[in-house]
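A.B. asks: Just so you know, the sequences run in chain order A and B. Under this note's numbering, think of the first position of the first sequence as -15, with each following residue one higher. Under this note's numbering, think of the first position of the second sequence as 37, with each following residue one higher.
Do not take every clue at face value.
[Claimed, not checked] Beta-carbon label-pair distances, calculated as ranges:
hint, chain 1, residue 1, chain 2, residue 2, range
1, B, Leu57, A, Asp152, 30 to 38 Å
2, B, Pro46, A, Thr(-1), 43 to 51 Å
3, B, Phe224, A, Asn53, 26 to 34 Å
4, B, Leu295, A, Asp81, 55 to 63 Å
5, A, Gly112, B, Ala49, 37 to 45 Å
6, B, Trp141, A, Ser111, 45 to 53 Å
7, A, Glu95, B, Leu299, 35 to 43 Å
8, B, Thr137, A, Lys61, 47 to 55 Å
9, A, Glu95, B, Tyr119, 54 to 62 Å
10, A, Asn53, B, Leu170, 53 to 61 Å
11, B, Phe224, A, Glu114, 48 to 56 Å
12, A, Asn115, B, Leu299, 48 to 56 Å
13, A, Asn115, B, Trp141, 27 to 35 Å
14, A, Asp81, B, Ala97, 50 to 58 Å
[Claimed, not checked] Once the Cα atoms are required to be at most 16 Å apart in a straight line, the calculated EDC-like pairs of lysine to aspartate or glutamate come out as:
hint, chain 1, residue 1, chain 2, residue 2
15, B, Lys226, A, Asp320
16, A, Lys61, B, Glu127
17, A, Lys70, B, Glu211
If you are wondering where the hints come from, they were derived from the structure by calculation, not from laboratory data. All residues carry an ideal CB built from backbone N, CA and C; glycine is no exception.
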Amino acid sequence: MKDKPIIELRDISKTFGDQQVLRGIDLDIYENEFLTLLGPSGCGKTTILRIIGGFEEPDSGKVLFNGINIAKLPPYKREVNTVFQKYALFPFLNVYDNVAFGLRLKGMTDEIIDKKVSQMLSMVGLSGYENRDVSRLSGGQQQRVAIARALINEPKVLLLDEPLGALDAKLRKDMQIELKKIQKEVGITFVFVTHDQEEALSMSDTIVVLNDGVIQQIGTPIDIYNEPEKRFVAEFIGESNIISGNMIQDCLVRFDDIDWECVDKGFRPNEEIEVVLRPEDMDVVPLDKAKLHGKIVSKVFMGVHYEYFVETKYRDYKVHTTENYQVGSEIGLTIDPYDIQVMHLS
Amino acid sequence: MKHFKGLAYPYVAWSFALIVLPLLLIVLYAVTAGDNSLVTIHFTLDNFRKIGDPVYLNVFAKSLEIGLIVTGVCLLMAYPLAYIISWFSDEVQGILILTVTIPMWINTLLRTYAWISLLSDNGLISQFLTKLGLEAPTMMYTNFAVIIGLVCDLLPFMVIPIHTSLTKMDYSLVEAAKDLGANNFQTFRKIILKLSLPGIINGVTLVFLCSISSFVVPVLLGGRQYMLIGNLIENQFISIGDWNFGSAISVLLAIAILLMMSLMRRIDPEEKGEA
């Protein structure tokens, strides 16, 4: 799948007033991929989207689209379309005319427009809504109109700016699945902006984690979750215990005065590092088989699992397990080598 | 707040005394003959029939004509002005809108006299044209003078509502149009113009109503013979003393204005969308 980048961002910087929102962004976006820009608010993710869409011009750097720099091209000349955060449907047009807007501008015949609009509306599940007033649709329906209105222009890339932000939790889940389905169906690149890590993990082929205008890590959801390279990524996505330690040698790390086998290589001998341990990777074992001993100090039922805080000699560990233990009981902990993720200090 | 409710009663009382009562009196005058006393009241529709006289119909036609021209000129001047103002930062926009409203701080009479000194036969404009070796046309006491005076008076009433509707417009709709392939001109025609329609409607209504019912500017710049509805009513009351006929015209004008406003409301997209 990852053969040829369709969009390449090269050293993009952008400043608003005295605030630098993007600092040297380099990013390749490939054909047919579902790429998510993930980060807290103010990290610059929406600005990147707006630069690709043509609504902002970068202060420096290049935006290559199929190899051609489009940094100064106005939005209406770009082969990308956008689904806006609040949908931005035209209030004075009905569903049909909103969706047909782009095709009318291209001067297509009514016959073709008719066919394409009904095709598109059936794809997003809004057949029969042609004459509805858009302001009388529910949030989810407006969302679908916005998607249909963008996709009908057959863009090479669809940009989505936190499109699910305004929907309630249940509808959001449904739309996540639906969006992914639509992306597979139309077979184009989706660039999706969100601050919701779960959304990013469940939908994306590639996640780009951003903070403070800098890309922190690019990778598949599994990479990003299991092998965070920076403290920010580990903290922002999922829950984690982050512990400082030393790398003794390849595949051997020391923290809490214990030597641990791991699978990480390429560090300097004795380099100071940080270790990321996901709470669900902390295994509770009988005391004689444990590398760490601790006492449960708190317990919260989370639905699928329990969350415990386990007090050990040096620190409290957050542990997730489905087993039920009593607060105050002594337990043993161990961690499998492949569940230990070692990071350079950032 | 309940305790203060009583404070509204005096207000209601003098609103009634100062607004409702005079209106009722005008309606009463309009439907009665001139020879009334406190004891005998003769109801008649003669006053309204009198309006059908070609002399008066001409005045109505003339008022309508001037009103339409003034409204059209104001719209053509105000829209680009309001649009350009809306491109600036908020602070600059505030200053520019203030500048547009400065003429409103000066008394209409003074402003109109200023126009007289500019437009009269040996006024500034004439002198300037003569210096250039051109023949200065007569400008005072013509439609031209009246229209200029009214446009100058009423321009802010067109600029402000249009500017308001342009600034409260959801800018993401403009971006959406461009995103979907509309160039700047298409975006303006298909989106911006539509979204500013409520402002246009408000401005047009205000300016049209003010211009057809104005009487100071037409008298001063158009001369005594220059008759618009406003002057006609003024004449009936002040010079001729036929209060009944004057009231009848006023009532008719009020009804026409109300009809027009309800018509304008009907084509205003905001009124029906938001309900």
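A.B. asks: For every hint, state whether the structure bears it out.
C.D. replies: How the hints compare with the structure:
Checking the proposed 30 to 38 Å range against Leu57(B) and Asp152(A) shows it is violated: the Cβ atoms sit about 56 Å from each other. Our hint of 43 to 51 Å for Pro46(B) and Thr(-1)(A) is violated, since their Cβ atoms are close to 59 Å apart. One distance hint, 26 to 34 Å for the beta-carbon pair Phe224(B) and Asn53(A), holds here, with the actual separation near 28 Å. Against the hinted window of 55 to 63 Å, the Cβ-Cβ separation of Leu295(B) and Asp81(A) comes to about 31 Å, which falls outside the hint.
Checking the proposed 37 to 45 Å range against Gly112(A) and Ala49(B) shows it is violated: the Cβ atoms sit about 57 Å from each other. Between Trp141(B) and Ser111(A) the CB atoms are about 59 Å apart, so this pair departs from the stated range of 45 to 53 Å. Between Glu95(A) and Leu299(B) the beta carbon distance is about 37 Å. The supplied range of 35 to 43 Å therefore holds. The hinted window of 47 to 55 Å between Thr137(B) and Lys61(A) is violated, with their beta carbons roughly 40 Å apart.
Distance hint for Glu95(A) and Tyr119(B): a CB-CB separation of about 37 Å, inconsistent with the stated range 54 to 62 Å. Remark: the range hint 53 to 61 Å for Asn53(A) to Leu170(B) is upheld by a beta-carbon distance near 56 Å. The supplied range of 48 to 56 Å is broken by Phe224(B) and Glu114(A), whose beta-carbon atoms lie about 27 Å from each other. Separated by about 26 Å at the C-beta atoms, Asn115(A) and Leu299(B) break the suggested range of 48 to 56 Å.
Taken as a hint, the range 27 to 35 Å is violated for the pair Asn115(A) and Trp141(B), whose Cβ atoms sit roughly 50 Å apart. In this structure the hint that Asp81(A) and Ala97(B) lie 50 to 58 Å apart at CB is violated, the actual value being about 40 Å. Between the alpha carbons of Lys226(B) and Asp320(A) the distance comes to roughly 62 Å, so the proposed pair goes past 16 Å and is violated. A hinted pair counts as satisfied when its Cα atoms are at most 16 Å apart, and Lys61(A) with Glu127(B) does not qualify at roughly 33 Å.
Between Lys70(A) and Glu211(B) the alpha-carbon distance is near 12 Å, which keeps this suggested pair within the 16 Å criterion.
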